[in-house]
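Trainee: Given next are the chains, with one letter for each unit.
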Amino acid sequence: MDKIILKNKTYKLIDFIKIPFVICPFYTLAEIINKVLQALISPIQVLIIANFIDTAIDIFNGQAEKISIYLPLSLLMLIVAYSYLNEHLINFVNLKLRMRITTIYKKAIIEKRAKLQYQHIENNDTWDLISRTCGDPVERLIEGFVNLLNISNIVIRVVSILFILMTQVLWAGVVIIAISVPLFFLSIKAGKDAYEASKEAEKHKRRASYLNNVLLGRDSVEERTLFNYTDGVSNKWYEKYEAARKIVLKVDLKYYVKMKGSSIITLFISLCIIAVLLIPLSNGRITIGMFIGLVNKTLELVHAMSWELMEVMNKLVKNKEFLRDLTAFFGLSETEGALDLPCVTKDFKFENIEFKNVYFKYPGTENYILKGLSMLLQKNLHYAFVGINGAGKTTITKLLTGMYDNFEGEILINGKSIRNYSQAELKGIFSVVHQDFAKYYITLKDNIALGDILKFDKQSIYEAISLMDLDNLIDSLPDGINTYLGKITENGVDLSGGQWQRIAIARNLYSSSLIRILDEPTAALDPVAESNIYEMFSKVSNGKSTIFITHRLGAARIADEIIVIDGGKVKEKGRHENLLEKGGVYAQMFESQRSWYQ
Amino acid sequence: MVPIDKLSNKLNKPKLGIFKILKKLFPIVFASAPILFSLCMVFAILHGASWGVITMMQQRFFDQAALLVGNQTSLNKVIISFILLGIAYLVNNVLNGADNFIRDTVENKIMGKMSLAIHKKVARLNPIDFEDTSKLDNLNKAEQGKNNSVLFTLDFTSIFTFYLPYFVFMGWYLFSFKPILAVSLALIFVPMAATQIIRSKVFAKAEDKSAPVRREYDYYESCIVGREYYKETRLLGGFAFFNKMYLESLDILQKINYKATIKTNLIELSMQIFTVIGYFGVLLMLFHALMNQEISIGVFSAVFESIGRLYAMMRYVICGGIGNMAKSVGTIENYLNFLEMDERKSKVDIKPEWGDISLESVSFSYPNFELYAVKNVSLTLKKGETIAIVGENGSGKSTLLRLITGLYLPTKGRVTVSGFDTKDIPQKTLYENTTAVFQKYQRYQMILEENITISQNNKEYEESTLDNVCEVAGINKDDSGFTDGYKTMLSREFEGVDLSGGQWQRVAIARGLFRDHDLIVLDEPTAAIDPYEETRIYNRFADISRGKSAIIVTHRLGSAKIADRIVVMKNGEIKEIGTHDELVQAGKEYTRLYTAQEQWYS
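Respectively, the protein sequence lines represent chains A and B.
To convert, take the position in the first sequence, counting from 1, and add 29; that gives our numbering.
To convert, take the position in the second sequence, counting from 1, and add 52; that gives our numbering.
Among these hints, one or two may not hold up.
[Claimed, not checked] Okay, derived cross-link-like pairs now, BS3-like style, lysine-lysine, Cα gap no bigger than 30 Å in a straight line:
1) A/Lys474 to A/Lys136
2) A/Lys265 to B/Lys480
3) A/Lys221 to B/Lys261
4) B/Lys399 to B/Lys173
5) B/Lys173 to B/Lys161
6) A/Lys400 to A/Lys598
7) A/Lys125 to B/Lys379
8) A/Lys234 to B/Lys253
9) B/Lys193 to A/Lys516
10) A/Lys347 to A/Lys125
11) A/Lys125 to B/Lys253
12) B/Lys283 to A/Lys144
13) A/Lys269 to B/Lys161
14) B/Lys187 to A/Lys516
15) B/Lys165 to A/Lys283
16) B/Lys399 to B/Lys511
17) B/Lys434 to B/Lys399
18) B/Lys165 to B/Lys193
19) A/Lys347 to B/Lys193
20) A/Lys474 to B/Lys296
21) A/Lys265 to B/Lys193
22) B/Lys475 to B/Lys397
23) A/Lys445 to B/Lys283
24) B/Lys187 to A/Lys279
25) B/Lys172 to A/Lys136
26) A/Lys516 to B/Lys379
27) A/Lys275 to B/Lys475
28) B/Lys261 to A/Lys468
If you're looking for bench data, these hints aren't it; they were derived computationally from the structure.
Using the sequences plus the hints, can you model the full thing?
Mentor: Structure, rendered in structure tokens:
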């Protein structure tokens, strides 16, 4: 079933019905039948009311027995009971349908999201698309489904009333059809116009909403207070707010004029029909009951063909927008094997990694981040990548871990192109502590055990804990290593930034990966903690290769080889002492930092 | 380590009654746009009344039409009643459009005006309130609460201006034919109101149960697909692990919702059956009255027709209007609490000459914390002096900074500027001579120029002023990264460019320098800038800050040397004060920190 929903295809309006139908045919059908029935009740109601009134008048005039009212009266009651109860009965169906769709659809969507190529996560446009589409997909799917049903409901109602009218006065029906076709297109156009204009207003609104955050947010309180910029920014906010409001106002005005315009046209036609109906009424060709029923329904048309029609058409434009998003979302490229578990790496012996003239730019951007990068990383050695911000250090991590593979040149692991390694293999080979490492709000034990999802070895977990000096923390936690961290569960315990950092590093230590990458994990640490971590890492990393990315040069000196990256290329490499002797970029940077300590 | 407050999981129970809320809200909302609001009310009354007139005109027309069948009336009379019916519908349509349009207009207009008031109020608050979790909730929800307040007030007003006139009219109209009709019709609607009350109770209960589960559910989702977790979860192969928990919590959520919905659906259904039975009673009564000639055919059909409309409107008021109001009461209270938050008060119009800043036995604790973040600190920053504050994470450096600038007021002791207590000086005057580069500097999604000049947005300047501060901060507007010079929008979201962390920090430094000042405060100003540049910036900074007071907070002890004095903090207290050489000689805390860093460079 997943396959039917998860298709990469162009979604069309019909899919609003197809998708629920595939997931849950019975309940979907029940909803459809109910909506059609609801629409057909409308003309039947005219006949029943007419029959009831006519019979009542006959009884009143002594032309019929009192007993003859029972049939029309019970029919009337039946129809009242149906129209007042059916909505509550269908609620049960609706609930079931919604639940089934939620279960299946949410599962499909999260899988698709988790499989995406990483570039879609970093790219703001696709990220917006993802957030938009996955915000509340079930609700929007059902909205689309219900709206389609409502449209057909209106059409059936209007057509069936017309049918009855035509049986009484043929030309009246023809006139209404002639007038309702253009009105129908007017509604569609009005819906579209309103949508286009609201998009225009959206630009101003987004700007206003951003400025509002600056004026109210907690993050900006210090600068806001000290710089006293509220008045100035508030004025700008008001400009944007009013600009958006005035656009909306104009659209609203047009919308109401169009809608009420078509109301009044329909009203006028309806009144003409009623006036004409007076003739057959006066010469007895139609009964008073039929007359009353027809008048009420004709006037109801006014409402159906303006308010209701405009509303569903307005929604239809939004529904279509959702389908476009859905199409684009399911069309986003995936990474093969993205959801796989890491491979066991026992048989794999790491020898070296080689970058050969690698060029890389982020998809959708112009500037190359790596420009002909070449280097060789050998097993069992400790490397440090240093360089200024934006030199491309972190980008290298993303290439090695398979987040991006659209580079030019070659990256070889043990002589085999990195593109020929599966995601599972790369997950087994590399582990990373990112600068923005994840704080998982699960138990402390699981936080560390996630480092190697294939094994569960309590002994090694405790080892990682003591290496990171976390023993004291664990003793102070209510449930030891089984304590939930973070604010998600009710008895969760929140930790300080430094403690989280240690856990992230412990997770990396627990991993069985062959190559560890530490991407500036000490940026927020104070000097003493910083130096302790460096020392600890040089102690435990024997037997494994480590890549240490930093812009603080002091840390780099413990590396077996320092690789200075500048302008997307390797500028210098060698041991600390050699680089100092050489007197190049590294020496210059090191000197400038050292000068503060002399 | 803070255990999470269990109470916070529970829903906020409203403390104020609806009428008390309204008493406070109405004047605020009304005053924001009195003319439009009154106009809105007038149209609502006319619109409500027009529905009643329609029913009346319909009845008259049907009566005439029925008479026409028996030739008991003249065609003229029929036509007149027909034209009246047509006019009633026409007027109703116009009023309906006008009423809705005006209401939309009023809504947005008032929301805008009330936002301006919120901005002003926030600017007058004490910055420390943003650290107080009990107040933060009010602050965060004030905006939403404001919008809900407007809707609430308008909805409530429309009950009296639109619905009530219509209901009263219909009541009187029915009463005039047959009193019992009016009464029994009213009774039909009792089950609907009862359902609504039960329904909201059932869902409030279900919400209590599902709120914590939903939090977990949302969280597990973000563990898989959230931007901050995506690459790490993928590399760890954690999808299956989190997906299992995600689907489990989804399942629990669905079950809670299923139970509550089935329950309310059943209640609604049974109540609705009562309504239908009541309807039958009314129908029989109408039929009976018709037979007894108490009412005419016209009345019968007009009343029959209007029951549906009455029901729909009643339902709209009870389920839609009042239901929404009940939902929004929580945030409305947040908004009202926000309006009543204490503002920082000061003795009027002290404007001290710039001079020394003195801390006298200053202690400070954050709201809801017992421990002092700063303990018994005494320190004087002389006019024109540069002080560096160093110490480990959490030693109270940034807090001390906020006390010196007057952003925070001390819990104990006092801080004076030229002898005047910072709590007596009005906020605006207090900060007039001060500028800062904060640790959490802002990345304004504005153009480069605004990003710099926002520190003093009423200052008149020439482009050379911008050039100067940019030179010190190391920004070159002609750099290819700035596609439009000073007018470059610094935000991808608003069709501009993205800056790196280091570049943003330079912008923050330029911003700090742009503001006219006698005191400049730098809190870790170069954390994201590479070492080579850092040195240059510090040297340039030392040049331009001559003659001005300056405070630098830093992790990197090497850079503290440019200060006249270094203050070493630990656990909120001042451990040592002195010049670099003095402190190194003393061989205490400073020396310990210094050697730990220095060893990497020796």
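Trainee: Next step is simple, just say for each hint if it's right about the structure.
Mentor: Now for the hints, and whether the structure bears them out:
A threshold of 30 Å between alpha carbons decides the hint, and for lysine 474 of chain A with lysine 136 of chain A the separation of about 27 Å falls inside it, so the pair holds. Distance restraint check for lysine 265 of chain A and lysine 480 of chain B: the Cα-Cα separation of roughly 20 Å lies within the 30 Å cut-off, and the hinted pair is therefore satisfied. For a cut-off of 30 Å, the pair hint linking lysine 221 of chain A to lysine 261 of chain B is broken: about 42 Å separates their Cα positions. The straight-line distance between the Cα atoms of lysine 399 of chain B and lysine 173 of chain B is roughly 18 Å, inside the 30 Å bound, and the hint therefore holds.
Between lysine 173 of chain B and lysine 161 of chain B, the direct Cα distance comes to roughly 19 Å. Compliance with the 30 Å bound is thereby established for this hinted pair. The hinted pair formed by lysine 400 of chain A and lysine 598 of chain A meets the criterion: a straight-line CA distance of about 6 Å does not exceed 30 Å. Proximity of lysine 125 of chain A to lysine 379 of chain B is assessed by CA-CA distance (about 25 Å); at most 30 Å being required, the pair is judged to hold. Between lysine 234 of chain A and lysine 253 of chain B the alpha-carbon distance is near 36 Å, which puts this suggested pair outside the 30 Å criterion.
Proposed proximity of lysine 193 of chain B and lysine 516 of chain A is supported: the alpha carbons are some 20 Å apart, at most 30 Å. For the proposed pair lysine 347 of chain A and lysine 125 of chain A, the alpha carbon gap of about 25 Å is at most 30 Å, so the pair holds. Annotation: proposed proximity of lysine 125 of chain A to lysine 253 of chain B holds, straight-line Cα distance about 22 Å (limit 30 Å). Pair hint lysine 283 of chain B plus lysine 144 of chain A holds up; C-alpha atoms about 11 Å apart against a cutoff of 30 Å.
Under the criterion of a C-alpha separation no larger than 30 Å, the hint pairing lysine 269 of chain A with lysine 161 of chain B is consistent with the structure, at around 13 Å. In summary, the hint linking lysine 187 of chain B to lysine 516 of chain A is supported, as the alpha carbons are separated by about 19 Å, within the 30 Å threshold. Pair hint lysine 165 of chain B plus lysine 283 of chain A holds up; C-alpha atoms about 24 Å apart against a cutoff of 30 Å. Between lysine 399 of chain B and lysine 511 of chain B the CA atoms are separated by roughly 26 Å; this keeps the pair inside 30 Å, and the hint holds.
At most 30 Å may separate the alpha-carbon atoms for a hinted pair to count; lysine 434 of chain B and lysine 399 of chain B meet this at roughly 25 Å. For the proposed pair lysine 165 of chain B and lysine 193 of chain B, the alpha carbon gap of about 17 Å is at most 30 Å, so the pair holds. Proximity of lysine 347 of chain A to lysine 193 of chain B is assessed by CA-CA distance (about 28 Å); at most 30 Å being required, the pair is judged to hold. Between lysine 474 of chain A and lysine 296 of chain B, the direct Cα distance comes to roughly 18 Å. Compliance with the 30 Å bound is thereby established for this hinted pair.
Restraint check for lysine 265 of chain A and lysine 193 of chain B: the C-alpha separation of about 22 Å stays at or below 30 Å, so the hint holds. A hinted pair counts as satisfied when its Cα atoms are at most 30 Å apart, and lysine 475 of chain B with lysine 397 of chain B qualifies at roughly 8 Å. This hinted pair checks out: lysine 445 of chain A and lysine 283 of chain B have alpha carbons roughly 24 Å apart, not beyond 30 Å. For the proposed pair lysine 187 of chain B and lysine 279 of chain A, the alpha carbon gap of about 39 Å is over 30 Å, so the pair is violated.
As the CA atoms of lysine 172 of chain B and lysine 136 of chain A are separated by approximately 46 Å, the hinted pair breaks the 30 Å bound. Among the hinted pairs, lysine 516 of chain A with lysine 379 of chain B is consistent with the structure: their alpha-carbon atoms are about 25 Å apart, no more than 30 Å. Proposed proximity of lysine 275 of chain A and lysine 475 of chain B is contradicted: the alpha carbons are some 43 Å apart, above 30 Å. Taking the CA atoms of lysine 261 of chain B and lysine 468 of chain A, the gap is near 26 Å; set against the 30 Å cutoff, the hint holds.
The structure fails to meet hints 3, 8, 24, 25, 27 from the earlier list, while all remaining hints are met.
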